[in-house]
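J.: Letter by letter, the chains look like this.
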Amino acid sequence: MATSLDASVDSKIELAEKIVTAPSRSKRPFSWGLALVYLLLSLGAVVMVVPFLWMLLTSLKPASELVQFSFLPKNPTLDNYTTVLTTSSFPRWYLNSLIIATISTASVAFFDSLVGYTLNKFDFPGKNIIFIGILATLMVPTEMLIIPWYTMSVHWGWTEGSAQYWGIVFPGVITAVGIFLMRQFFDGVPNELLDAARIDGVNEFGIFWRVALPLVKPAVAALMIFNFIGNWNAYLWPLIVASGRAYYTLPVGLSFFRGESLTEWEKIMTGASLATVPLLLVFIIFQRQIIKGIALTGIKG
Amino acid sequence: MKLTLRRRQILWAYVFLSVSLVFFVVIRWYPAVLALNISFRDWNVFQGSGPWVGLANFQEIWGDLFKPRSAVRAAFLNTFKYVLLGVPLQLVLALGIALLLMQIRRLSGFFRAAYFIPYVTSFVAVAFVWNWLYAPQAGLINQTLTALGLPTQPFLRSPQQALPSIALVAVWRSLGFAIIIFLAGLQQIPEMYYEAAQIDGANRWQSFWRITLPLLNPVIVYLAVLQTIQFLRMFDLVQNMSTDNAGGPLKSTTTVVLEVYKEGFSSYNMGYAAALTIILFAVILLITLVQMRLLSRRVEY
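Sequence lines, in order, name chains A and B.
Letter by letter, the first sequence follows residues 1 to 301 in my numbering.
Letter by letter, the second sequence follows residues 1 to 301 in my numbering.
Hints should not be assumed to be uniformly reliable.
Claimed, not checked - A few chain B residues that face chain A, going by a derived Cβ cut-off under 10 Å, partial list only:
1) Thr4
2) Arg6
3) Ile10
4) Leu84
5) Tyr115
No wet-lab data here; the hints were simulated from the structure.
Computed from a predicted model, the values in this text were never measured in an experiment.
Backbone N, C-alpha and C define an ideal beta-carbon position, used for all residues, glycine too.
All chains, full assembly: derive it from the sequences and hints.
T.: Okay, structure coming up:
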């Protein structure tokens, strides 16, 4: 049982690796068919990338240039950035998003790994019920929980002052998906290694923290990246629970800012760029891990 | 000795799980039950309670579904339209691009990244970028149409065009995810099947219909369900892209979740909003169960 699961995790990792290195089905010399494939893919890529390019270019244009159409800015300027960063609360929203994404990511990395590890490596009464109880929560859409969460937050005072940080963060400090993922990955950690540490007198937490966890670092890294992106972009719940403007996260702040700027598109695009560029950088740096992670979590079997 | 070791293990397991168990009971299970409870009440968030009204909220929703001008009727019909438009388009495009990506070797990493970029960015930023692309006169799309001598389009300002315009952005944003999952599925199909088919004289088209599509069936079902659930939960884009007011023009873009937000957090009609989320949950549960049946049936033969 354990070995067949080992094999399935290994083959999944291998497959995910194959996707990022992407050896294609055949090495073929030039042909018109292949040229057509490249042409189609390029057209598609343009549709995917141009909106972001247009966003950045617009943010570099003075307002007067928006009416007469030109793709590139004639007099590129950073004025929009200075205005937006000084007259709105963008710096504060950045900080809020950073705080929230960091707290939830650290918490998810720790607890999801610990629970995944426990569910994989320990034998105890109630194990299956607990695992099913955790998985079952995946069936319940967040939308169904926001009303109860809100009444609970009001009741406990999490909609006021800096308690709003906790109000925004609390639903996501532990995730069922992450636990499920980590439980699978700890299959790859041999039990003999843990037993050896036990004989050496390492306590159980030490075994988890110093022996098992370092062996699944890539999985924890993937989990952390996804979680960070997810929390950075989260909208519906922060929109509901953050009542004061000083506690908005970037997406909520951006939406509010749009309402104030109406049709000053150069300003709105500056705000959108400010919210998007950090993520684009994260993506460029961690591109392989992100795509590998998606493939890993998405592969059935 | 052995018994005490086992007991110690059980104790450690519960220590490791303790925080998470509290979390899942208090933050996931209890609110799910509370949502059901609220849906049977005339609930006002400020009182933190409300009288039991039985099925009255559900009866009200049922009644609203048959009122021609009701927002909830529009929301259900629109959500259905988003799914019917978005899911097939998403699957066909993603599979097509994944198949093209399988054909190439050079630049495949670049293309994969390009198609994936929108998936890491926030829905709110994406909404505004597309608002600007769709803008009536100065928008890039209408500028391009004018340059090509074609009539400009109202897009988000037209009750007919607004919903498809928003659905298209949702497809654009999540396309990269579906492509990666398809790539994972395609890589799992053994090369020898294609080689055997080639020897038997099958052309590419026949290989696609006879080998690729049937073997990809589980992946297609998995993605179809996942994307259906995503489209059923449409909110961020609609709230930030619709014109006139959220869900407009003329309620032509509103969705179930947007009505939950409006009823619950603008009108404070929490019981009614909770009942809407219960219906959403029931629909998602039904779709998930159908998926499980479809996928398990495949394994049987």
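J.: Against each hint, give a clear statement of whether it holds in the structure.
T.: These are the hints, each one checked on the structure:
| no. | hint | in the structure |
| --- | --- | --- |
| 1 | Thr4 | 13 Å, violated |
| 2 | Arg6 | 8 Å, holds |
| 3 | Ile10 | 4 Å, holds |
| 4 | Leu84 | 20 Å, violated |
| 5 | Tyr115 | 5 Å, holds |
Checked against the numbered hints above, the structure violates hints 1, 4; every other hint is satisfied.
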